[in-house]
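Student: Sequence:
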Amino acid sequence: MKVKFIIIIIICSYYSKVNAQDPIFSQYFLVPETMNPGFSGFEDATYFGLIHRTQWPSLNLRVDTEYAFVNSSIEDVGGIGFSILNQHENNTNYNYLQGNVSFAYHVRLANDWYFRPAVELGFGTKSFNFGNLVLADQININSETITPFSSDAFALNANRNVTFFDFNAGFVFDKKNTRNDTDLWLGASIKHLNKPNISFVENGNVPLDIFYSIHANYKFPYFDYNDMLISVNYMQQGQYNRLDIGTTVKLEKLMLGAMAVTNPAKNSLNSHLLTSINAFVGLEFEQLRFGFSYDLNTSKIGRTDGVYELSITYLTGCLICRNPANLERRK
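Numbering-wise, the working numbering puts 329 at position 78 of the sequence shown, and it's gapless, one number per residue.
Not one of these hints is a red herring.
In silico DSS-like cross-links for lysine-lysine, where the CA-CA straight-line distance does not exceed 30 Å:
{"no.": "1", "residue 1": "K501", "residue 2": "K470"}
{"no.": "2", "residue 1": "K501", "residue 2": "K426"}
{"no.": "3", "residue 1": "K504", "residue 2": "K470"}
{"no.": "4", "residue 1": "K426", "residue 2": "K470"}
{"no.": "5", "residue 1": "K446", "residue 2": "K517"}
{"no.": "6", "residue 1": "K501", "residue 2": "K427"}
The hints are simulated quantities; they were obtained by calculation from the structure and are not laboratory data. Quantities reported herein were computed from a predicted structural model and do not represent experimental measurements.
Take these sequences, add in the hints, and give me the full structure.
Tutor: Now the structure itself:
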């Protein structure tokens, strides 16, 4: 019984740390709105989509995350976006749901450069099934039984749900060169500027750590009908950081890629610099874009069956037709 109680305490401590971290999508280069509100209206059309992520399906710590979004450009002004993020942990029924609205202002600079500053307002809720927890005063060692109720101050003051407002900001510099069909963007974002309180305990104070991200993507042609993309994304939240470096090859409609996920901070002696290798395959049509990725774990956490992501994006305008250089190359 004591062992069971210790295990429960360890699990609770784990969730209090992990669930305070933002969900991260491996396919951020296909759906950059997940990282930065500056990408609102970035496609110069109205578009919407969904990305789903399943993490560690072979463990009791399985987490499912969905991100649905709608974006639209506003001619000569900028772009506006709406998104819903939902994250669910199957073992404890922990759930995180947040809706966001964003606006990006587009400023045309010299030499085909654009500057896109943006703000985002969100409203979120977190819930946790405390009925799965067993506290110390519920354990009767002599009779080897567990009482259904607790007089512990945590049990009396804990809330099943917590709600909060969230403020984010970001910007993007980008340049599309139609003469040589290159595409470059550089961006940075800051999430949780107001550090919302996510404590489940009444009168508690657990501020959500600010999430910082710096990211870049460069697309350039090679041979006649192919493109290559190089992506870099650095993220930091609290004491944890992550650096993703990846490349994707576009062969007409087919996209193939790989990404290395690293942990530069290595917060403990057992930490690994390289935590996973992410393989990616996608298809891009005139108005539809599909993506599937699999994250292969390289650490010693054990058998997890990796992480799966599936994304779909639909554009009301023609995806490849908007670039004259693409049309010329595809004749």
